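**Q** Chains as they are written, first to last, in my numbering: chain A, 914 to 1181; chain B, 914 to 1181.
A hint or two may mislead.
Any copy will do: because identical chains look the same in the list, a pair fits if it lies in one copy or spans two.
No farther apart than 30 Å at their CA atoms in a straight line, the calculated lysine-lysine pairs in the DSS-like style are these [as the list claims (entries may be wrong)]:
1. 935 <-> 1097
2. 1161 <-> 1040
3. 1161 <-> 1118
4. 1040 <-> 1012
5. 1040 <-> 1017
6. 1118 <-> 1150
It should be emphasised that the hints constitute simulated quantities derived from the structure, not laboratory data. Remember, predicted model here, so these are calculated numbers, not experimental data.
Spelled out, the chains give:
Number of protein chains: 2
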Amino acid sequence: MHVIGERINGMFLDVKKGIQNKDKSIIQKIAIDQVKAGATSLDVCVGPASDKPLETMVWLVEGIQEVTDITLCIDSPRFEVMKAGLEACKNPKLINSSKGEEEKLDKYMPLAAEHNASIIGLCINEKGIPKDVNSRVETAALIAMKAMEHGVDTDKLYIDPILMPANVAQQQATIVLEAMSQFKMLSDPPPHIVVGLSNLGQGAKERELLTRTWIVMGVLNGLDAAIMDAADEEMKKAFITAELLMNKAIYSDSYIKAYNASHDHPLK
Amino acid sequence: MHVIGERINGMFLDVKKGIQNKDKSIIQKIAIDQVKAGATSLDVCVGPASDKPLETMVWLVEGIQEVTDITLCIDSPRFEVMKAGLEACKNPKLINSSKGEEEKLDKYMPLAAEHNASIIGLCINEKGIPKDVNSRVETAALIAMKAMEHGVDTDKLYIDPILMPANVAQQQATIVLEAMSQFKMLSDPPPHIVVGLSNLGQGAKERELLTRTWIVMGVLNGLDAAIMDAADEEMKKAFITAELLMNKAIYSDSYIKAYNASHDHPLK
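Using the sequences and the accompanying hints, generate a full structural model.
**A** Rendered as structure tokens:
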């Protein structure tokens, strides 16, 4: 599983404090902890913490790459902030994200190609989040087509089918799974499949149980990346075990330890 | 999920003691506890606890149905013990089990029809446990065909694809899942799918985690019955949540409590 650590986001109070006090040690500590916990990328999102998102994004990227050379997942809804983040970034890069609209894809795919970056394409089209399997697959197909058209290798493409909160859109959990099982046929090599895990359990009492259960179903249907707290040990156990049962690792009694050892990314 | 409580089995020490001391209160207490914990059937197996399996089976069945009218799952490899168990049983009946061999099916399916009993057919043929998807499906198809031939409604048929220990037969976990997804096409109404959950984690250090993870995948692929300890709360949470995510129950914040309330079987 490609674990994109979600913690460096201005919506978290510690990150907000780090940004507002220009204290990069706070940010660097979180980055180090996420990498130690097994993150293979770090999401970097200014969020609501600053009214100068462009400068803050550059400051975050520069601060984080002082401590790790792990992939940075530049996360902004604003094109110029995305561009500035990518330009500041010397590490491998992942764009988070482009909507699955033709106009957006025609801007973001060339940006990905220019920076040799991976990119997350969201299954959101002009009408919003598709509600059925077919329109999700259609949107994903447009994303894959646009990647190829603009010279982005499909093994650098991550498609996000958009998980929705189970407490308000219960049937979407399986619609997403069905759509995912078709994504792998969209290109060769197939695109990766990523979700923002925290959406599913939003507002639910059994939040962790719901999410931990869904990720197992996700792995069975091709999920290979997740935006999550890399330090969530129970969630990690769930997907490590699901991947083991799908023969993606060789069984040993200490398969969890073996997984963690093989995902030990060096810090600077 | 049809939960077949596995606890009344002479291989457990308390049951063995109950059998050997002819103390039916021990057996009845376990039966009551399993029903209270949400079992929808109780497996009844003499196992290695007695050298008079026929008499002991009858004694177990009679003792248990003094305290509950829940389905009893008569579990014996010996035909005459099975027959005696069924004859003693006034509750709804489930035969556990017939192998998927023509000769066995031609004996057990008529027995099921005669007693209006449900029956578990094992995906085990003359050569043993099939190792690939196709031979598992072929064996299941023979079981379904023999059920129909002998007048057993396919909604009374439970097919067990045979889970194997992940630590020695790792790739069987997904082969079983793939086979299961085809079982539902074998008849109309489709057969139920049952597994003995404890096999998967046998001898493994992370036994519970492996089993809890597999059952979620199982539910996604049509599993609707499991032989398990009905009092295993973590296992129950896993399949209740998996079924919720598949829209088999309506979401509420207290969906686990709601499931338990709706599976409250009255005791005598």
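**Q** So which of those numbered hints doesn't the model satisfy?
**A** 1
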